[in-house]
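One letter stands for each residue in the lines below.
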Amino acid sequence: MFAVTETPIDAHRVEASVLAPGYGGVVTFLGFVRERSDDDRAVDGLAYEAHESMAVAEFEKIAAALRERYGDLRVAIVHRTGSLNVGEVAVVVAVAAPHRRVAFAACAEAIDELKKGAPIWKKERYLDGTDDWRENAP
Amino acid sequence: MTVRVLAFARVREILGSNDSTLTLNDGARVSDAWAAVVERAPALAPLARSTRVARNGEIVSGEEPLQDGDELALLPPSGGG
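Chains as they are written, first to last, in numbering that gives the first Met the number 0: chain A, 0 to 137; chain B, 0 to 80.
Just chain B, same shape as in the assembly:
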């Protein structure tokens, strides 16, 4: 399956892209997507704990199963206001 990955702020800079695609095995979960992202940009590994992941606009856990065409957003800790 293919999922779209939107990255923001520090995560975007380390990944080098705000909008990319990942190809994952069927049955993949959010944690598998994160692992694939870290493989692409190993410097992201220390940010695993603080980065929230949204699937199609909703914050989810690493256990969340993915479907082809999903949009994942990698959200580091907020700095708004």
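So here's chain A without its partners, still in its complex pose:
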């Protein structure tokens, strides 16, 4: 499952999509909207926008690179767009592998890669009424 969606993400559904006999280790990462920004401003909420088709293609590319590196894996990546409140799920990455070590490593790598290059953008809204586009460190 690779998707960008305007509706709240059901993390259990994303995780369920990677479950299969023979895959004994499943690691799911959930990214939530935090109440403080990286520079410690009070966050009211945020808006994500994406180049949808390129973002989904990038998710597929990330999964393919992980399989190349770690072998057999089942990967799902779903990212929210639109307006989100503090405490909502922004992104879910689920990885199933035959064993746990690879599942942990591949899941961590998947979210790192997503943050690096997926065509998705975040505008934070602050409680003081200001807002700002926030870019990930390269």
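There may be inaccurate statements among the hints.
Using C-beta positions, here's what the derived DEER-type ranges look like [said to hold, decoys possible]:
1. B:35 - A:99: 44 to 54 Å
2. B:25 - A:99: 53 to 63 Å
3. A:41 - B:16: 24 to 34 Å
4. A:29 - B:16: 49 to 59 Å
5. B:60 - A:136: 22 to 32 Å
6. B:55 - A:10: 30 to 40 Å
7. B:62 - A:41: 44 to 54 Å
8. A:20 - B:38: 28 to 38 Å
9. B:55 - A:7: 30 to 40 Å
Straight-line C-alpha distance at most 20 Å; calculated EDC-like pairs for lysine to aspartate or glutamate [what the hints assert, rightly or not]:
10. A:115 - A:67
11. A:114 - A:127
12. A:60 - B:57
13. A:114 - B:69
14. A:115 - B:57
15. A:60 - A:127
16. A:122 - B:63
Only some residues are given here: those of chain A computed to face chain B with a beta carbon under 7 Å [to be verified]:
17. 50
18. 90
19. 135
Worth flagging that the hints you see were computed from the coordinates, not collected in a lab. All residues carry an ideal CB built from backbone N, CA and C; glycine is no exception.
Starting from the structure of chain A, add chain B where the hints point.
Frame of chain A; chain B shown alone:
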């Protein structure tokens, strides 16, 4: 030739449109399209270095030649996750 320009995030706000068209001379390259966009919105000039350009869904360099009907996407640095 005419190309479609999709703009996102900060670039979209400065350009004032998420979906517009550009008319360029035959033989134009991605760098010519960017120059035409900056002419429309000069405040974009400082973002040249950080903005990636995709042609029909693939990230390309400024040298990439364009064809009539191409879709260009102007992609500022990512903020997902």
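These are the hints, each one checked on the structure:
The beta-carbon spacing between residue 35 of chain B and residue 99 of chain A, approximately 53 Å, falls within the hinted interval of 44 to 54 Å. Range check, residue 25 of chain B to residue 99 of chain A: Cβ separation about 57 Å, and the 53 to 63 Å hint holds. Distance hint check for residue 41 of chain A and residue 16 of chain B: the Cβ-Cβ separation is about 32 Å, which falls inside the suggested range of 24 to 34 Å. For residue 29 of chain A paired with residue 16 of chain B, a C-beta distance near 34 Å fails the hint of 49 to 59 Å.
At about 23 Å, the beta-carbon gap between residue 60 of chain B and residue 136 of chain A stays in the expected band of 22 to 32 Å. A hinted range of 30 to 40 Å for the beta carbons of residue 55 of chain B and residue 10 of chain A is consistent with their spacing of about 33 Å. The hint said 44 to 54 Å for the Cβ distance between residue 62 of chain B and residue 41 of chain A, and at roughly 45 Å that hint holds. Evaluation of the 28 to 38 Å hint for residue 20 of chain A and residue 38 of chain B yields a failure: the beta carbon distance comes to about 59 Å.
As the Cβ distance of residue 55 of chain B to residue 7 of chain A is approximately 32 Å, the hint placing it in 30 to 40 Å holds. Our distance criterion of 20 Å between C-alpha atoms is met by residue 115 of chain A and residue 67 of chain A, whose separation comes to about 19 Å. This hinted pair does not check out: residue 114 of chain A and residue 127 of chain A have alpha carbons roughly 27 Å apart, beyond 20 Å. For the given pair, residue 60 of chain A sits about 12 Å from residue 57 of chain B by alpha-carbon distance, which is consistent with the 20 Å threshold.
For the suggested pair residue 114 of chain A and residue 69 of chain B, the alpha carbons sit about 27 Å apart, so the restraint of at most 20 Å is broken. Pair hint residue 115 of chain A plus residue 57 of chain B holds up; C-alpha atoms about 16 Å apart against a cutoff of 20 Å. Among the hinted pairs, residue 60 of chain A with residue 127 of chain A is inconsistent with the structure: their alpha-carbon atoms are about 39 Å apart, more than 20 Å. For the given pair, residue 122 of chain A sits about 30 Å from residue 63 of chain B by alpha-carbon distance, which is inconsistent with the 20 Å threshold.
For the restraint placing residue 50 of chain A at the interface with chain B, the shortest Cβ-Cβ distance is roughly 5 Å, inside the 7 Å limit, so the hint holds. At about 5 Å, the closest approach between the beta carbon of residue 90 of chain A and any beta carbon in chain B falls short of 7 Å, and the interface hint on this residue holds. Hint status for residue 135 of chain A relative to chain B: holds, with the closest Cβ pair at about 5 Å, below 7 Å.
The structure is inconsistent with the numbered hints 4, 8, 11, 13, 15, 16, although it conforms to all the rest.
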